[in-house]
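Novice: For reference, the chains in residue letters:
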Amino acid sequence: MNRRASWKQLVATVAPGALWLVVFTLVPTLLIFYTSLLQRDPHGWLTGPLTLENYLRFLGLSAEGFDPLYLNILGRSLLLGLVTTVATVVLGYPFAFFIAGSARKNLLLLLVVLPFWTNFLIRVYAWIVIFQRKGVLNVFLDRFGLDPVLLYPSWSAVYVGTVYTYLPFLILPLYASVEKIDWSLLEAAYDLGASRFWGFVHAVLPQTLPGLVAGVLLVFVPAVGTFVISDLLGAGKAVLVGNVIQQQFGASRDWAFGSAAAFVLMAVVLAGLWLYARWTGERGMEDLV
Amino acid sequence: MKPRSWLTLHGVLVLLFLYLPIAVIVALSFNESKYGVAWHGFTFKWYRQLLEHTRIHPYVWNSLIVATVSTFVSTVLGTLLALGLARFRFSGRGGLLFLLYVPVVIPDVVMGVSLLLFFAWVQRLFGALHLGLTTVILGHVSFQVAYVTLVVKSRLAGLDPSLDEAAADLGAAGWMRFWRITFPLIAPGVAAGALLAFTLSLDDFVITFFTAGPGATTLPVYIFSSVKRGVTPEIHALSTLMILITTLALIAVQRVQARR
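Chains A and B, in that order, give the protein sequences. At position 92 of the first sequence the residue is numbered 92 (full-length UniProt numbering), and the sequence of numbers has no breaks. At position 40 of the second sequence the residue is numbered 40 (full-length UniProt numbering), and the sequence of numbers has no breaks.
Just so you know, the hints here were simulated from the structure itself, not pulled from any lab data. Note that beta-carbon positions come from the ideal geometry of N, C-alpha and C, so glycine has one too. Just so you know, not all the hints are guaranteed correct.
Stated by the list, open to error - Just so you have them, the derived chain A footprint on chain B, three or more residues with Cβ under 8 Å:
#1 45–55
#2 82–89
#3 133–144
#4 182–192
#5 195–206
To be verified - Cβ-Cβ distance ranges computed for the label pairs, FRET-style:
#6 G127(B) <-> G250(A): 36 to 42 Å
#7 S62(A) <-> T8(B): 27 to 33 Å
#8 E52(B) <-> F140(A): 51 to 57 Å
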């Protein structure tokens, strides 16, 4: 990256891809914002004038008073993202060390990647089979003379399904960091009299932060935005922002309000990303892929 | 217990968690019983039905057509884009990099509805781009380009720029230099990017769900509607086959990498 490009070079390399991204990524994203300022017309299409009505509706502010319906849904989405992130860290952090310390690293990595490459809908569906009334779990409980539990459809099922789906997203970037740890720092900390706990906090944890933060972001963002997991495992009982967006663009056909909800979701995610990018720079962004 | 044993115990539990759902699906695909999870004996009949019932075949074809075409387009665009980003300075480079991360990081539901909106507006204003396989392919390329570019770009970053300069000094002109020098060096990165793009396309449900019109149902969209209607055992057989194919492909990739 040391030369200033000529026009010809740019047209031959960057231009087609850049044009594609502008037309099919930038323009559609801006269209969401524009549409969110319009109103639904009687035919299910859109009409002016520009208004903030949809955002006021999302915030629950109307002439009849305050109704936090959609704010609660947004809160639930954020809570799902947060709990999922914490759960995947609890499950995945020690697991990354387990892989790194194992003699069969490649096999273990393959075992983590494999579910990840198995169609995501099938993996979510498998939890229905496990949790349903006469599912695997209840057959198992029955064998031990225990009462059945009704986990499908429920929020618990949505939480388990989300943690399950995104766990590999955390493990893989984290493992990349754990593998590179310089363990001599830990020995140095012990030599200086650090306890096991403080040795870990000062000599190991900081070295895993790049992978951990990238993993957290890769789990949090799709978890907050999911509608498929809540749709399948919640079966209408679990409504998240993703479901609101999908309903407005589907059955309800209020694209203007759906766009406002999508824009709110995007703003929340981009704010988190902006903080991440400020903290890590271009290098950190590359860690995400 | 020693710390290492705790770590192993935790590791085994996580692996059980990861494989429980997959084991359930594989087991059910061989179960005689059509309803419920109780074991009624071993059978291959769901696999036979899967092959005999031609209902699913068009969906498989649609998935393969979309994945092949979109992977080809996105690999060409992404490789060139990565090359330009790695080699040249130009105004707007920062903005382009930011744009590149948008498909990677925004929730897929937002990307799906934004494309749906875009196609609807284009249709409204120009009467073109009715929802169908074409719009699905356009949508897939839009997220694949980002992944291909980033994978190839990281490969380019590890290259020695003096090779390229030496070729230039020896008089190799632009395209010749690309084909003879640069491309062979980044080929593994291009292949990795294309493989990632292909699998992302095959696996994609959300973007397809919003951008597919009638007649453009792909396999994941069909699986989604089956799950909502209540799954037939054929889906278990199909899933098991897909798991088997993925496993073999991953093992093959690892073998190839290990040899290098």
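Novice: All hints are to be evaluated individually against the structure, with a verdict given for each.
Specialist: To see whether the hints hold, each was checked on the structure:
1. 45–55: Violated, because only 0 residues of the stretch 45–55 of chain B bring their Cβ atoms closer than 8 Å to Cβ atoms of chain A.
2. 82–89: Three-residue rule met by the stretch 82–89 of chain B, so holds; n is 7.
3. 133–144: holds (count 4)
4. 182–192: violated (count 0)
5. 195–206: holds (count 4)
6. G127(B) <-> G250(A): 36 to 42 Å: Given range 36 to 42 Å: violated, Cβ gap about 24 Å.
7. S62(A) <-> T8(B): 27 to 33 Å: Violated - the Cβ-Cβ distance for S62(A) and T8(B), about 57 Å, lies outside 27 to 33 Å.
8. E52(B) <-> F140(A): 51 to 57 Å: Between E52(B) and F140(A), where Cβ atoms are some 34 Å apart, the hint is violated.
Consistency with the previously given hints fails for numbers 1, 4, 6, 7 and 8, ordered from lowest to highest.
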